[in-house]
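2 protein chains.
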Amino acid sequence: MTGREFFTAQSVSQALAGFQPSRRTGIETVSREAALGRVPASPVMSGSALPGFARSTVDGYAARAADTYGASESLPAYLDLAGAVRMGAAADTAVRSGTAAAIPTGAAIPVDADAVVMVEYTQVTMPGLIEVTRPVAVGDGVVRADEDVAVGAEIAPAGRPLRAQDLGMLAAAGVTKVAVHARPRVAILSTGDEVVPPETAQLEPGQVRDATASALAAMVTEAGGEPSPRGIVADDAEALTKTLQAAVHDCDLVVVSAGSSVGARDETAAAVESLGAPGVYCHGLAIKPGKPTLLAECDGVPVIGLPGNPLSALVVFRMVGLPVLRRVAGITVTVPEPTVTATLSRAVASAAGRLDVVQVRLSPAHVPAPGRRGENDTAPEHTATPIFGFSALLSLLTSADGYVVIDEAATGFDEGSTVTVTMYR
Amino acid sequence: MTGREFFTAQSVSQALAGFQPSRRTGIETVSREAALGRVPASPVMSGSALPGFARSTVDGYAARAADTYGASESLPAYLDLAGAVRMGAAADTAVRSGTAAAIPTGAAIPVDADAVVMVEYTQVTMPGLIEVTRPVAVGDGVVRADEDVAVGAEIAPAGRPLRAQDLGMLAAAGVTKVAVHARPRVAILSTGDEVVPPETAQLEPGQVRDATASALAAMVTEAGGEPSPRGIVADDAEALTKTLQAAVHDCDLVVVSAGSSVGARDETAAAVESLGAPGVYCHGLAIKPGKPTLLAECDGVPVIGLPGNPLSALVVFRMVGLPVLRRVAGITVTVPEPTVTATLSRAVASAAGRLDVVQVRLSPAHVPAPGRRGENDTAPEHTATPIFGFSALLSLLTSADGYVVIDEAATGFDEGSTVTVTMYR
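In order, the protein sequence lines correspond to chains G and X. Residue numbers for the first sequence follow this note's numbering, so the first one is 1 and each next one is one higher. Residue numbers for the second sequence follow this note's numbering, so the first one is 426 and each next one is one higher.
Read the hints as simulated data drawn from the structure, not as lab findings. Backbone N, C-alpha and C define an ideal beta-carbon position, used for all residues, glycine too. Misleading hints may appear alongside valid ones.
[What the hints assert, rightly or not] For the chain G half of the interface with chain X, some residues (derived, Cβ under 8 Å), not all of them:
1. 32
2. 83
3. 84
4. 102
5. 145
6. 149
7. 152
8. 209
9. 310
10. 423
[Stated by the list, open to error] Covered, in the sense of this in silico footprint (three residues per stretch, anywhere, with C-beta under 8 Å from a C-beta of chain G), are these stretches of chain X:
11. 436-443
12. 486-498
13. 514-523
14. 702-711
[Stated by the list, open to error] Derived DEER-like restraints, expressed as beta-carbon distance ranges:
15. G:18 to X:559: 36 to 42 Å
16. G:333 to X:576: 45 to 51 Å
17. G:200 to X:569: 35 to 41 Å
18. G:416 to X:789: 41 to 47 Å
19. X:602 to G:389: 25 to 31 Å
20. G:385 to X:569: 18 to 24 Å
21. X:758 to G:411: 32 to 38 Å
22. G:300 to X:503: 17 to 23 Å
23. X:604 to G:415: 37 to 43 Å
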């Protein structure tokens, strides 16, 4: 009785909902410059209103709106030029009724002005006298002192990785440091007597270089984690247990790509069982490729046992490992993935209750006949061609542009179906 | 006559096609571990076939297919057990006609075997004798020595940023170093008398902190570039020219966010004009927000003058600056962006010939009545609500989940249209 034949395969959606290790990374303070993609541990608030003063949104003349009522080309309003506001300086010119101050875009509105007339609707008919040919309402051409951000308002939420514009907003608010979740340290180890380090120049017969660890490290980095490579462990229960124990102790997430033979997989499962409570959550996922996946929680730290085949390992880590990694990292939002819709070039079958991940290559779709495409036409511009093959072949992944997920409810897609392709980037 | 009124606005698609500065970054060698997202300068080839030896894809018995022809449950074929292949070792067991060798998944196929019978279709009826209950064809259960990669085959193309699986493939092929394009150095400078460094704790009246430079630096980093911050230059022709000259000399791309007033914009344009040949490509783009954009090439180096308002500046840099940055970086493929389709909550208008970029917030769409959604139903799951406001308000961007592009041919979208939202991440 081998593990392979008798483990209970849980559905991926069940596993993602049910497997919820408690581990979260600690909190550290980083400079704003280094905060791109980092995850705020609590909402970031603005200490002051922004822009902080009423600003002009146009080049023109700050005035009192009431003074322009009824102004037109044929019957302009006339205002005395009371002065000019300089960029970046306090507006020290007073704008009384019947007067106006020249003001550039972005400058501070003089205290008694309540609108700005665009320069396009004015003329200087004689020095010191402005002719206004269109009325303005109160607030026209003006951004309020707290229109961008109110005092104490949230400028970046907790749990969402900081984006470029968030860093811009932090800069605007004068925030120089942010409390963020530490990057999760992810132990990556490989097992298998056939697996040798990628640096091995000359392979002995029967050996393969470890491809999975390098790809996993890149995926971890991309997702904001910090890979902690633990090398290759021989198919030896004691060595494996020792390495895993150290990894669980040092890291926030442990990923083992198990040897591809049944024996090697069983040893990994046994070693994980011995690590800590509550232990193995499931052994076997209803996913293709990737069935022999193991999920465990050892003293709060998630341990993921991946299949030995590189393709399976990388597919499972993407579908199951990355969501776990993001949760450990304090991310509470859905991270958007690049997708395109495409027409499937041939039928793909799946079993009900199983999640299938089909690698595809994209090519431009045939251009529809003229007149067939409307403005909002959503007919796919791409054709997706499934790439099939044995899951030890990494070339299936390197030649793929993305993948199609056939979820548990579906039993496949017909040829010509419109499918969503998640793109590799 | 101000620059604002008389510049000729070029369409964004024209500008993207026509503005092709010659600058490309140099080539440097990086280790595979550091190569994620880096851009190979030439195709990476494999020096050897992969996996390099014929491997079993199943746990079972390596045999000669001819010996199993006609085998069934009722009339099994019988094979003598000639030995066992060990993982990671050469297959030194000879498989002659009438014999078989036990083999785990991934191990080397013995030289004279041509197929592997899965263990599920065998039984050991007495020690040393294997009963086979299903026939196999030549090649069943076997991956050929060059099935993943042939000798000399391309394993990563030039011009496409290296992905996780590409690094896995490089590892499998024993590639430890890659020749890649250097990261483009991008000078980022801001102008405007009102703009002060983000570190300024207490603002004087009329001052704003520089938000744009921080956000641009993050976008550059995200796109694989190396920001080179050049600070804030006063609205002073000489200082600006000097700073720009140094930036063009040191960097692969120069980005200036111009002061928001007309005068400041004119000064930037004048300074850029003086930098080098062929000079200004266009001043004014038919894009909203972002019309006062300037594109120039000075001695091969692209110089992009962005509008002074942070929102406009960041939109233009995303739409126009990033494609230029990627080209300079040697990227020759389209970089996939995360998108979702959504139903527009209200109509948005645009002018024909102008590209409009509308910031939107996403919310879940109303769930259709049961029975209305089919397996391949592509009805949007999201509602996109446009966010409007003055383009100096950075909060429009920080509160957005993504944006909708209304291209030059369209004059807007009706309420309820299905639109593609490009997501910020």
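To see whether the hints hold, each was checked on the structure:
no., hint, result
1, 32, "holds (7 Å)"
2, 83, "violated (14 Å)"
3, 84, "violated (12 Å)"
4, 102, "violated (11 Å)"
5, 145, "violated (11 Å)"
6, 149, "holds (6 Å)"
7, 152, "violated (14 Å)"
8, 209, "holds (5 Å)"
9, 310, "holds (6 Å)"
10, 423, "holds (4 Å)"
11, 436-443, "violated (count 0)"
12, 486-498, "violated (count 0)"
13, 514-523, "holds (count 3)"
14, 702-711, "violated (count 0)"
15, G:18 to X:559: 36 to 42 Å, "holds (38 Å)"
16, G:333 to X:576: 45 to 51 Å, "holds (46 Å)"
17, G:200 to X:569: 35 to 41 Å, "violated (21 Å)"
18, G:416 to X:789: 41 to 47 Å, "violated (29 Å)"
19, X:602 to G:389: 25 to 31 Å, "holds (29 Å)"
20, G:385 to X:569: 18 to 24 Å, "holds (22 Å)"
21, X:758 to G:411: 32 to 38 Å, "holds (34 Å)"
22, G:300 to X:503: 17 to 23 Å, "violated (54 Å)"
23, X:604 to G:415: 37 to 43 Å, "holds (42 Å)"
In this structure, the hints that do not hold are numbers 2, 3, 4, 5, 7, 11, 12, 14, 17, 18, 22, in rising order.
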